[in-house]
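J.: Sequence:
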Amino acid sequence: FGYEPRGKPVLNYPPCRFQFNLSHSQAMLLCAVTIDHPVGIDLEFIRSTADLEQLTERFFLPQEHRTIHALPPEQRLYAFFQHWTSKEAVLKALGVGLADLESVEVAFTNGVATLMRLGDDTAPAWQLHSFSPAPDCLAAIAVQGSLKPIEFWDWPPV
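Following our numbering, the numbering of the sequence shown begins with 174 at its first residue and continues without gaps.
Simulated restraints, written as ranges between beta carbons of each label pair:
# : residue 1 : residue 2 : range
1 : Gly318    : Pro245    : 32 to 40 Å
2 : Arg290    : Cys204    : 25 to 33 Å
3 : Val331    : Arg290    : 37 to 45 Å
4 : Ile208    : Leu244    : 34 to 42 Å
5 : Pro245    : Leu184    : 41 to 49 Å
6 : Pro178    : Val206    : 18 to 26 Å
7 : Ala307    : Gln227    : 24 to 32 Å
Simulated from the structure, these hints should not be mistaken for lab results. Here a beta-carbon is modelled for each residue, glycine too, at the ideal position from N, C-alpha and C.
Whenever a hint applies, use it, and build me the whole structure from the sequences.
T.: Put into structure tokens, the structure is as follows:
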């Protein structure tokens, strides 16, 4: 194993076509694996935050902030974590870190995530999927390119 300049883990054994990414929160670990396509995954347990307004204003694009705060109050926290995990999954796939959070714009239509903008690219070719691997938990996977449907496996705790 090795790391890219900004910390993304990689397999150093050439010629390796595997791409992977990891995320963990509390006692849960998620791993995403592809062949030849950059992949990122993020996992967050939904937790209450008193400064939701300030967080969305600081880290999200104005239209994302407006979308979240136009929702009924009881839906805002879930929407915040949907956006956060989706944006972070894209950045992790790129290996650039959270400093570029505002370079990623995501939107949700009927619960389906879409990457609207990545930097100056307004039509990025990415597959983005938001899901709940456990109660009170949200995750997102981002894969560059158009792929087959995402497959999920679950292993019991060891």
